[in-house]
Amino acid sequence: MLQFGAPDPSTDYRFRPTAFGLLLRDGLLACVRVDRGEGSYFDLPGGAVDGDETEPQAVVREFVEETGLTVRPLERIAEAAQYFRKSTGEPLNNAGGFWTAELVSQDPAAKVEADHELVWLEPSVALASLRHEAHAWAVTALLRQNA
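Residue 64 in UniProt numbering sits at position 64 of the sequence shown, with consecutive numbering throughout.
Estimated spans, in silico, between C-beta atoms of each pair:
no., residue 1, residue 2, range
1, P91, M1, 13 to 21 Å
2, E38, E65, 21 to 29 Å
3, R72, E117, 18 to 26 Å
4, L143, Q106, 18 to 26 Å
5, W120, G89, 24 to 32 Å
6, L74, T11, 30 to 38 Å
7, E75, D52, 20 to 28 Å
8, T70, T11, 34 to 42 Å
9, R36, L74, 25 to 33 Å
10, A110, N146, 23 to 31 Å
11, Q106, A128, 23 to 31 Å
12, N146, D8, 32 to 40 Å
13, L2, A109, 31 to 39 Å
14, T88, N146, 34 to 42 Å
Okay, derived cross-link-like pairs now, SDA-like style, lysine to any residue, Cα gap no bigger than 25 Å in a straight line:
no., residue 1, residue 2
15, K111, E75
16, K86, L118
17, K111, G39
18, K86, D12
Read the hints as simulated data drawn from the structure, not as lab findings. None of the values given here were measured: they were computed from a predicted structure. The beta carbon of each residue, even a glycine, is placed where N, CA and C say it ideally should be.
Work out the full structure: start from the sequences and follow the hints.
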């Protein structure tokens with residue numbers, strides 16, 4: 001698995017299985033702006049795989065929680081890991097798949113993460129704006145697949 005990020009050798013990074021979605025609509029990529037005041041950032045919709053969930057199930061759940069969009073995962077096009085620290089300071093190594101997805105429905109009332117805002121970005125803007133190198137790499141894989 002491709003590994004991104006530069007870990008601090010004196011820090012223990014908890015391994016966390018994850019799954020993220022890549023949804024294009026009218027040439028724009030679904031992203032989330034996570035409000036952390038001056039430390040706000042952009043991510044792909046997705047996150048931790050909970051319990052016995054599969055990656056596709058996690059993508060569906062995370063999209064609803066973060067954006068209010070219901071999606072259908074289609075194809076796992078990339079796999080990568082990313083060392084980083086959460087906003088809380090917890091050191092993690094997110095590792096898992098990146099899935100293409102299609103939009104099924106939209107229900108803004110289903111969104112439960114108040115600090116996440118759905119934004120549609122030009123893929124080139126997303127490449128420059130996403131917090132994680134692994135996410136930008138997955139967007140590049142998507143663009144190459146669609147070329």
